[in-house]
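> In order, the protein sequences belong to chains V and X.
Counted from 1, the first sequence has number 37 at position 37 by my numbering; the numbering is strictly sequential.
Counted from 1, the second sequence has number 36 at position 36 by my numbering; the numbering is strictly sequential.
It is worth saying that the hints were derived from the structure and are not from the lab.
Wrong hints could be hidden among the right ones.
A pair holds if it fits inside one copy or across any two, identical chains being indistinguishable in the list.
Claimed, not checked - Pairs of lysine-lysine, DSSO-like flavour, derived with a Cα cap of 30 angstroms:
id : residue 1 : residue 2
1  : 122       : 33
2  : 126       : 57
3  : 57        : 33
4  : 122       : 57
5  : 126       : 33
6  : 67        : 122
7  : 67        : 126
8  : 57        : 67
These numbers were taken from a predicted model, which means no experiment stands behind them.
Number of protein chains: 2
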Amino acid sequence: MSLAESRPRPDGPVRGRPRSEAVERAILEGVMKLLEDGVPLAELSIERVARTAGVGKATIYRRWSGKEELFVDVIRAAEPPDPELPGTSMRDDLVVLLESLRQRGLLSRASVIMHNAYAQMKSSPKIWTAYHANVIRPRRELGREVLRRGQLNGELRADVDLDLANDMFVGPMLVRSVMRPDADLPEGLAEEIVDTVLQGLRPVSSTFS
Amino acid sequence: MSLAESRPRPDGPVRGRPRSEAVERAILEGVMKLLEDGVPLAELSIERVARTAGVGKATIYRRWSGKEELFVDVIRAAEPPDPELPGTSMRDDLVVLLESLRQRGLLSRASVIMHNAYAQMKSSPKIWTAYHANVIRPRRELGREVLRRGQLNGELRADVDLDLANDMFVGPMLVRSVMRPDADLPEGLAEEIVDTVLQGLRPVSSTFS
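Using the sequences and the accompanying hints, generate a full structural model.
Laid out in structure tokens, this is it:
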């Protein structure tokens, strides 16, 4: 599945007239406002969102099946959009994918609200499952697709498991952007990780030892 | 700092007579019991722990400065102990370090309580900070030390940043054990990651292209 095919999501809100889009935006902003005010996810009810956004509860339920789906859309709206891949080489595509993870990490550091939103999301199995299905799984599929093309054109070893290769490229960036809030996320990190994983960490002189 | 030097922790409970150890164990087990009963971290007070363990609040405060430190010790007691490094080579030491992360991942999958404990810990900045200082930081230091020795004996490229190298070995295992509960954690994964990161993912024929 390509990124393009993954949008619009089948379980996302159905987009209608401009009026409808404005309502949708008001609802998403309403949730964001509650998060900014420090309301914990557990206390964030559809009723409260409706009151904050100035709409009826039915208006929300017409668009989202529950607060989990609504919350995932709030996160998606706040995140940088998924990147366009240059398609010039596996290496270049991987750099763009890792760069978007770096940007997401920088956003989570710059915004206390987003940081808390991610943390709360991970402690709610239902929301995490929804986020995983709608955001993470398509992103992983895209990564696998890039690696598959790399195996076909000879940029990637043919004998390596694609899932493991994906974790080897993505893992170091995820560890830094998500798990180690104190870690450096310097410009050029995406290139450095991709090129170092391709080359390997063994000294060149002992490659054939 | 070596792993040995990191224990006993300066802010951990002071061990005394056997009687004292039994009390300590009763307290740690009391917290575990509350977690098993599904009590969320936010509702887990020292008073409630004292009641469950059948001790006075003062007995707990004599050993731990607060519920954050107590909770981190509960997690540590439930986790597999930090591994002994064979010291035969950087490669072997790294395999043992990654294998202990794999074991921790398997534990978190096998035990709903541990899984929830980790999730709740991450949503509490104070507890996460205590866990980071007492568990994660010493473990990272140990990894850096192993890599430093590898650079000295020629197993690791001399031009690579040690922090980045650490993330490259540890990242793929952490992604699988902590972030992707659906991912495979097969036996032999530690060896596979270490050897693949050392060798690199570029096909051998194009190493010098």
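> Given identical chains, is residue 67 near residue 122, meaning Cα to Cα at most 30 angstroms, within a copy, between copies, both, or neither?
Result: close both inside a copy and across copies, 15 angstroms intra and 22 angstroms inter.
> Could you place residue 67 and residue 126 in one of the four classes (within, between, both, neither) given a Cα distance threshold of 30 angstroms?
both (10 angstroms within a copy, 28 angstroms between copies)
> State whether the alpha carbon distance between residue 57 and residue 67 is at most 30 angstroms within one copy, between copies, both, or neither.
within (11 angstroms within a copy, 40 angstroms between copies)
> Taking 30 angstroms as the upper bound on the Cα-Cα distance, should residue 126 and residue 33 be classified as within, between, both, or neither?
both (22 angstroms within a copy, 25 angstroms between copies)
> Please work out whether the CA atoms of residue 57 and residue 33 approach to 30 angstroms or closer within one copy, between two copies, in both situations, or in neither?
within (17 angstroms within a copy, 40 angstroms between copies)
> Within, between, both or neither: how does the pair residue 122, residue 33 come out at a Cα-Cα threshold of 30 angstroms?
both (20 angstroms within a copy, 23 angstroms between copies)
> Can you give me the call for residue 122 and residue 57, within, between, both or neither, at a CA distance of at most 30 angstroms?
Answer is within; shortest intra-copy Cα gap is 26 angstroms, inter-copy 32 angstroms.
> Given a CA cutoff of 30 angstroms, do residue 126 and residue 57 count as a within-copy pair, a between-copy pair, both, or neither?
within (21 angstroms within a copy, 36 angstroms between copies)
Every hint, counting from the list given before, is met by this structure.
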